[in-house]
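Novice: Below, each chain spelled out in residue letters.
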Amino acid sequence: MFNAIGKPIPRYDGLGHVTGRTIYVSDVTMPGTLTCKVLRCPYYRARIVSLDVTQAKRMPGVYGVITREDVPYNRFAMVPDNHVLAEEITRYRGQPVAAVAAVSKEAALDALAKIKVEYEELEPVFDPEKAMEPDAPQIRPEGNVHLFDGTSPVRRVRRGDIEKGFAEADVIVEGRYTTPCEEHAPLECCSTLAYVDESGKLVLYSKTQGVYFVMGDLANVFQLPMNKLKFIGNTIGGSFGSGNSVATDHIAGLLALKTGKPVRYTLTRAEEMMFTTISTPWIFKIKDGVRRDGKITARHVEVIHDCGAFTELGLYAAEKNANLVAGANLIENLAVDTHMVFTNKLPSGSRRGFGVNVGQFAEQVQLDRDARAVGISPMAIRFINAFHEDDISHVGNRLRAVSTIETLQGVADLAGISLEEQYRTMSSKEVEK
Amino acid sequence: MIRTGRGISTIYYPSGFNGGRDPDLVSLRIKPDGTIDVSNASCEMGQGLKNVVVQITAERLEIEPGQINFDNTNSDTAAFSMDTAGTRSTVIVGNAILAAADDLIGKLKTFVGEKLGVPAAEMSYEKGRTFITTQPEKGMTLAEIGAASNYGGVFLMGTGGYLPEPAPPRDPETGATLPSKIMAYGSCVADVEVDDETGVVRVINLYNCYDMGTVINPLQAEAQADGGNIQGIGMALFEDLAPRFPERMEPYADSFTDYIIPTFMDMPQHSATSFYENYDPNGPYGAKGCGEMVVDTQSPAIVNAIYDAVGVVVDSLPATPEKVLRLIKEKKSK
Numbered sequence: 001m002f003n004a005i006g007k008p009i010p011r012y013d014g015l016g017h018v019t020g021r022t023i024y025v026s027d028v029t030m031p032g033t034l035t036c037k038v039l040r041c042p043y044y045r046a047r048i049v050s051l052d053v054t055q056a057k058r059m060p061g062v063y064g065v066i067t068r069e070d071v072p073y074n075r076f077a078m079v080p081d082n083h084v085l086a087e088e089i090t091r092y093r094g095q096p097v098a099a100v101a102a103v104s105k106e107a108a109l110d111a112l113a114k115i116k117v118e119y120e121e122l123e124p125v126f127d128p129e130k131a132m133e134p135d136a137p138q139i140r141p142e143g144n145v146h147l148f149d150g151t152s153p154v155r156r157v158r159r160g161d162i163e164k165g166f167a168e169a170d171v172i173v174e175g176r177y178t179t180p181c182e183e184h185a186p187l188e189c190c191s192t193l194a195y196v197d198e199s200g201k202l203v204l205y206s207k208t209q210g211v212y213f214v215m216g217d218l219a220n221v222f223q224l225p226m227n228k229l230k231f232i233g234n235t236i237g238g239s240f241g242s243g244n245s246v247a248t249d250h251i252a253g254l255l256a257l258k259t260g261k262p263v264r265y266t267l268t269r270a271e272e273m274m275f276t277t278i279s280t281p282w283i284f285k286i287k288d289g290v291r292r293d294g295k296i297t298a299r300h301v302e303v304i305h306d307c308g309a310f311t312e313l314g315l316y317a318a319e320k321n322a323n324l325v326a327g328a329n330l331i332e333n334l335a336v337d338t339h340m341v342f343t344n345k346l347p348s349g350s351r352r353g354f355g356v357n358v359g360q361f362a363e364q365v366q367l368d369r370d371a372r373a374v375g376i377s378p379m380a381i382r383f384i385n386a387f388h389e390d391d392i393s394h395v396g397n398r399l400r401a402v403s404t405i406e407t408l409q410g411v412a413d414l415a416g417i418s419l420e421e422q423y424r425t426m427s428s429k430e431v432e433k
Numbered sequence: 001m002i003r004t005g006r007g008i009s010t011i012y013y014p015s016g017f018n019g020g021r022d023p024d025l026v027s028l029r030i031k032p033d034g035t036i037d038v039s040n041a042s043c044e045m046g047q048g049l050k051n052v053v054v055q056i057t058a059e060r061l062e063i064e065p066g067q068i069n070f071d072n073t074n075s076d077t078a079a080f081s082m083d084t085a086g087t088r089s090t091v092i093v094g095n096a097i098l099a100a101a102d103d104l105i106g107k108l109k110t111f112v113g114e115k116l117g118v119p120a121a122e123m124s125y126e127k128g129r130t131f132i133t134t135q136p137e138k139g140m141t142l143a144e145i146g147a148a149s150n151y152g153g154v155f156l157m158g159t160g161g162y163l164p165e166p167a168p169p170r171d172p173e174t175g176a177t178l179p180s181k182i183m184a185y186g187s188c189v190a191d192v193e194v195d196d197e198t199g200v201v202r203v204i205n206l207y208n209c210y211d212m213g214t215v216i217n218p219l220q221a222e223a224q225a226d227g228g229n230i231q232g233i234g235m236a237l238f239e240d241l242a243p244r245f246p247e248r249m250e251p252y253a254d255s256f257t258d259y260i261i262p263t264f265m266d267m268p269q270h271s272a273t274s275f276y277e278n279y280d281p282n283g284p285y286g287a288k289g290c291g292e293m294v295v296d297t298q299s300p301a302i303v304n305a306i307y308d309a310v311g312v313v314v315d316s317l318p319a320t321p322e323k324v325l326r327l328i329k330e331k332k333s334k
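Residue numbers (this note's numbering), protein chains in the order written: chain A, 1 to 433; chain B, 1 to 334.
Please keep in mind that the hints were generated in silico from the structure rather than gathered at the bench. For every residue, glycine included, the Cβ atom is placed at its ideal position computed from N, Cα and C. Treat the hints with care, as some may be off.
[Said to hold, decoys possible] Computed footprint of chain B on chain A, listed as stretches where at least three residues anywhere in the stretch have a Cβ under 8 Å from a Cβ of chain B:
| no. | stretch |
| --- | --- |
| 1 | 2 to 8 |
| 2 | 35 to 49 |
| 3 | 169 to 180 |
| 4 | 201 to 212 |
| 5 | 220 to 232 |
| 6 | 364 to 375 |
| 7 | 412 to 423 |
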């Protein structure tokens with residue numbers, strides 16, 4: 001049927017990768033390149049009382065030192081509330097405060113040591129449930145709890161009549177599920193080589209995974225039109241979502257503009273792990289009403305998304321999660337209440353199915369609890385509740401090309417599980433009467 | 001003693017940004033020798049985008065994959081891409097390629113038609129050749145067109161874009177919206193061994209069946225599923241930057257000594273993946289996209305398998321030996 005589609009054609013770039021011929025951003029060198037190092041706040045939450053870079057600027061080999069005063073526009077990210085360089089209040093340990101470009105790593109580190117910062121350490125909050133309490137330290141001027149649509153602390157999904165659904169159930173099953181702080185762990189750490197070309201254009205060899213996703217944001221930080229900003233890259237050593245958040249492009253670019261020389265800013269592995277966006281923690285509280293025959297008659301999900309210090313991609317994740325957290329099951333009576341809370345940890349980045357995989361962990365472990373509560377098999381409860389073709393999703397749209405039943409049959413086949421007759425012959429296309 | 005257990009999970013995953021509104025653009029140019037340059041600023045980060053681009057382009061233009069060059073190298077030359085994320089590139093770049101290819105074919109018909117004195121509507125395109133529909137012997141190959149257009153001062157470029165259907169404004173009371181028109185599906189069976197004296201969990205077998213629509217390249221789809229298994233095992237059993245959270249943030253991992261990701265020693269002895277190719281009319285040639293879905297099935301299946309083995313629910317990821325052992329002890333003391 002197809003000519004090229006479906007063919008096991010070897011990777012376009014595979015041989016280059018495995019023979020070391022591929023040139024990554026981290027491999028690119030340029031004569032006269034300065035090394036960038038960043039001074040980071042050592043506290044989870046602090047007030048910067050004073051910041052003095054006078055001595056650092058005088059250090060040998062130093063071409064440029066920048067603080068927030070040197071940033072044309074200091075806010076960035078998908079929801080632009082993050083600070084390029086720290087303002088008065090810092091919100092997470094490792095937040096960039098000042099940056100140096102010098103002739104060598106040693107000269108840059110020596111200069112960082114000469115920057116004088118006086119901090120007033122403030123009480124941090126880490127636990128999202130504690131951050132929601134009224135007497136918690138308020139880490140943002142707007143408060144710790146995000147207001148959806150600017151007004152509501154709760155982001156709702158409502159379907160059917162949940163009280164009626166619980167009344168129809170034979171058992172009520174409850175579970176609480178949590179996920180931790182997780183790292184992307186790409187092979188290539190975040191890196192930028194920035195220089196100003198002969199026409200005055202700022203060129204960034206960047207490890208971003210979305211050159212246009214971050215371009216508008218960075219053009220704003222630099223206050224440059226997009227024809228004065230060029231990204232080179234797009235072949236990178238893994239990302240897993242980390243490259244949707246800017247970690248080095250802004251600072252390297254600012255220092256290249258300031259010094260007029262090429263600037264290399266590459267994170268060490270420790271910096272990559274400790275100071276870039278992460279998968280922030282989630283809490284899911286699921287309450288299901290289940291009938292003896294395994295049908296879920298009602299489900300209530302309460303979600304708390306710990307967004308970390310700044311929004312980054314956290315709001316996007318909370319919205320996506322809310323749409324999908326009830327799982328690939330037809331549940332006629334459903335309520336989802338999502339909260340998003342700010343805490344003093346690294347901002348919520350995108351990572352490996354972010355927002356969705358955490359909810360599906362909770363939902364699928366809950367489904368086994370439901371099955372045990374009514375004495376049916378884990379396989380059976382999935383077939384009984386599965387979405388079928390043309391079912392309406394939890395947020396009101398018709399589902400097409402639905403395959404829950406068929407992939408369950410497929411995986412049973414792979415694992416050598418012999419399904420009961422009614423499940424072996426079930427189809428997404430036919431709804432049981 | 002070692003106890004064995006089996007767990008199941010089933011998930012679904014949307015293609016593209018939540019709520020749509022994430023377009024991509026593609027341009028197709030013909031070189032003097034008739035080879036084709038595809039341009040789009042999506043990122044290759046190991047997922048195999050370049051093959052997907054080449055294979056979809058080759059399919060639509062009915063030419064060999066080896067005739068195609070992909071340029072995503074820089075933002076001055078590569079066509080706009082919203083992002084490389086959200087399991088979006090196969091569907092959105094793919095659909096933009098189809099639009100650009102149709103545009104290019106139209107321009108080839110006009111170009112060759114003018115040379116032969118025939119209206120474009122009476123021209124056909126097949127397997128790289130543009131010809132008069134009623135006189136198939138009269139026409140030009142891509143190589144002939146490439147030379148004639150470039151050296152003739154005529155720029156033949158096909159352009160196209162694709163915008164996933166934008167969601168309506170989300171209803172603040174019911175949450176009604178449109179996450180994506182395209183949903184992929186997957187189910188998993190995990191077999192584990194749990195040492196009830198140490199709490200150590202080993203994944204023995206991992207089976208997955210995925211519906212990612214039409215599989216563009218089975219080698220890459222299987223490899224992506226294998227990579228997903230590695231990440232899924234990491235999420236299930238190991239990965240945690242701050243193990244004492246929420247009590248405190250310290251200790252916090254700063255190296256792969258403390259932040260454990262799976263190595264070859266942690267791979268299942270046996271893993272197998274199959275595909276149920278449920279054609280999706282919204283995707284290019286029925287493809288749905290696969291990136292993030294393949295890291296989702298493993299953690300619930302493994303946690304459910306741990307329950308099957310030792311009768312405890314690890315409701316807090318990851319299922320470290322400490323947690324598993326503590327739960328086993330709590331269960332025994334009841």
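Novice: Does each hint hold? Answer for all of them.
Specialist: Here's how the hints hold up against the structure:
Restraint check on the stretch 2 to 8 of chain A versus chain B: 7 residues with Cβ-Cβ distances below 8 Å, three needed, restraint holds. Note: the stretch 35 to 49 of chain A has 1 residues with beta-carbon separation from chain B under 8 Å; the three-residue rule is not met and the coverage is violated. Against chain B, the stretch 169 to 180 of chain A contributes 6 residues with a C-beta closer than 8 Å to a partner C-beta. That satisfies the three-residue criterion, and the hint holds. Interface restraint, the stretch 201 to 212 of chain A with chain B: holds (5 residues with C-beta to C-beta distance below 8 Å; minimum three).
A stretch counts as covered by a chain when three or more of its residues have a beta carbon under 8 Å from one of that chain; for the stretch 220 to 232 of chain A and chain B the count is 4, and the coverage holds. A count of 4 residues in the stretch 364 to 375 of chain A with a Cβ less than 8 Å from any Cβ of chain B is obtained; the coverage claim is therefore met, three being the minimum. For the stretch 412 to 423 of chain A, the stated coverage by chain B holds: 5 residues have a C-beta nearer than 8 Å to a C-beta of that chain, and at least 3 were required.
Violation of the numbered hints given earlier is confined to hint 2; every other hint is satisfied by the structure.
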